[in-house]
Amino acid sequence: MKEQRKKSTKKSALRESIFTLAILLLFVLLNQIMLRIEEPLRTPLGQIVEADGHNMSVYVEGSGDKTLVFLSGSETPSPILDFRSLYALLTDTHRIVVAERFGYGFSDTADIPRDIATVLGETRAALAAAGVNGPYVLCPHSMAGLEALYWAQQYPEEVEAIVGLDMAVPDAYKSFKNNVFVNAVSRFNAKTGIIRLLPLLNELDCVEHGTLTEEEIKVVHALLYKNFGNRTTINELKYVSDNARIVGAGAIPQVPMLLFISGDPSVTELTDAARAYANAAENAEVIRLDCPHYVHDHEYGRIGEEIRRFLQETD
55 MKEQRKKSTK
65 KSALRESIFT
75 LAILLLFVLL
85 NQIMLRIEEP
95 LRTPLGQIVE
105 ADGHNMSVYV
115 EGSGDKTLVF
125 LSGSETPSPI
135 LDFRSLYALL
145 TDTHRIVVAE
155 RFGYGFSDTA
165 DIPRDIATVL
175 GETRAALAAA
185 GVNGPYVLCP
195 HSMAGLEALY
205 WAQQYPEEVE
215 AIVGLDMAVP
225 DAYKSFKNNV
235 FVNAVSRFNA
245 KTGIIRLLPL
255 LNELDCVEHG
265 TLTEEEIKVV
275 HALLYKNFGN
285 RTTINELKYV
295 SDNARIVGAG
305 AIPQVPMLLF
315 ISGDPSVTEL
325 TDAARAYANA
335 AENAEVIRLD
345 CPHYVHDHEY
355 GRIGEEIRRF
365 LQETD
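For the sequence shown, our numbering gives the first residue as 55, with consecutive numbering after it.
Keep in mind the hints are simulated off the structure, nothing from the lab. Note that the structure is predicted; figures quoted are calculated from it, not measured. For glycine and all other residues, C-beta sits at the position ideal for the given N, C-alpha and C. Some hints could be false.
[Stated by the list, open to error] Quick list of simulated restraints, FRET-style, between CB atoms: (1) Glu-323 with Ile-102: 21 to 27 Å; (2) Thr-267 with Glu-212: 30 to 36 Å; (3) Thr-267 with Glu-211: 34 to 40 Å; (4) Ala-76 with Glu-323: 39 to 45 Å; (5) Arg-363 with Thr-163: 35 to 41 Å; (6) Phe-73 with Val-236: 22 to 28 Å; (7) Leu-78 with Pro-167: 29 to 35 Å; (8) Thr-267 with Asn-333: 37 to 43 Å; (9) Arg-362 with Ile-102: 28 to 34 Å; (10) Glu-211 with Ile-248: 45 to 51 Å; (11) Phe-242 with Pro-94: 24 to 30 Å; (12) Ala-76 with Pro-167: 37 to 43 Å.
[As the list claims (entries may be wrong)] Okay, derived cross-link-like pairs now, SDA-like style, lysine to any residue, Cα gap no bigger than 20 Å in a straight line: (13) Lys-228 with Arg-299; (14) Lys-231 with Leu-291; (15) Lys-292 with Gly-302.
Turn these sequences into a full structure, and let the hints guide you.
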């Protein structure tokens, strides 16, 4: 009797395993079909230029004496559209540029080092290839704050100001731990297409609170399903602590800074570090916004007005 129960249990477990595997394979197949259907939505919105042997997306709009370069935070599926609600308010008097790092938006994914010097080199090469010359007003969100600060440290003649959009500074990563398990789950969810069923990942700030059109929202989701958890963005997280140490070892850039910080409790370490960094800087202004981390998707009107004021004052 016991032997029969054991055999029955094994058969049941085997059936469940086969059923689960079949469901996963079905998800993978359906996801691949959907990615092909969505391919027209992934037609680049800007220029595609070569940087370090790979294709990088650079979007340019507007004209004026100031060139604002927007740099996205980690895992932003479409930087061009994520920043649109804000930069659309500035293109009448400024040239705006969105440089999409590898692994983001319409740029390639690639197995390449993500140390801060390499990342900055790629961005500078892409801007040069797109015919966008400095000096620049850098507008980084979150993790891209490290790149902006490093840029100002290494090439001060190219950076005339920094506008931080809840940007990270070196001390924001003091206690950061790269979670390999979470990274693996993210990659699994993306590869299988399970991400399409996860509402929290689909409720993006630029979609829920920005000014995007229905068609632009479709593009954002198409890029999310293609880019989420890709090897390039996951690789960034392996380098971020070392990158923070490198930037932290350098001097605080002597350029005017306008730092918008959020009231988001999930990034308190980041905002506290940004305040301390601003206090130590010679020419930094802090504006606190009572909104989540993607400040430019929530308070784009206020931020646009403050950027105009700030740039007039720095002339």
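Going down the list of hints, with the structure as the test:
One distance hint, 21 to 27 Å for the beta-carbon pair Glu-323 and Ile-102, is violated here, with the actual separation near 36 Å. Taking the beta carbon of each, Thr-267 and Glu-212 are about 34 Å apart, inside 30 to 36 Å as hinted. A C-beta distance of roughly 39 Å is found between Thr-267 and Glu-211, which places it inside the suggested range of 34 to 40 Å. Taken as a hint, the range 39 to 45 Å holds for the pair Ala-76 and Glu-323, whose Cβ atoms sit roughly 43 Å apart.
Remark: the range hint 35 to 41 Å for Arg-363 to Thr-163 is upheld by a beta-carbon distance near 39 Å. The beta-carbon spacing between Phe-73 and Val-236, approximately 27 Å, falls within the hinted interval of 22 to 28 Å. Roughly 32 Å separates the CB atoms of Leu-78 and Pro-167, a value that falls within the hinted 29 to 35 Å. Between Thr-267 and Asn-333 the C-beta distance comes to about 41 Å, which sits within the given range of 37 to 43 Å.
In this structure, Arg-362 and Ile-102 meet the distance hint of 28 to 34 Å, their C-beta atoms being roughly 31 Å apart. Taking the beta carbon of each, Glu-211 and Ile-248 are about 47 Å apart, inside 45 to 51 Å as hinted. Checked against the hint of 24 to 30 Å, the C-beta distance between Phe-242 and Pro-94 comes to roughly 27 Å, which is consistent with it. As the Cβ distance of Ala-76 to Pro-167 is approximately 39 Å, the hint placing it in 37 to 43 Å holds.
The suggested pairing of Lys-228 with Arg-299 holds, with an alpha-carbon distance near 9 Å, which does not exceed 20 Å. Restraint check: the Cα-Cα separation between Lys-231 and Leu-291 comes to about 9 Å, which is no more than 20 Å; the hinted pair holds. Annotation: proposed proximity of Lys-292 to Gly-302 holds, straight-line Cα distance about 17 Å (limit 20 Å).
Taken one by one, the earlier hints fail for this structure only at number 1.
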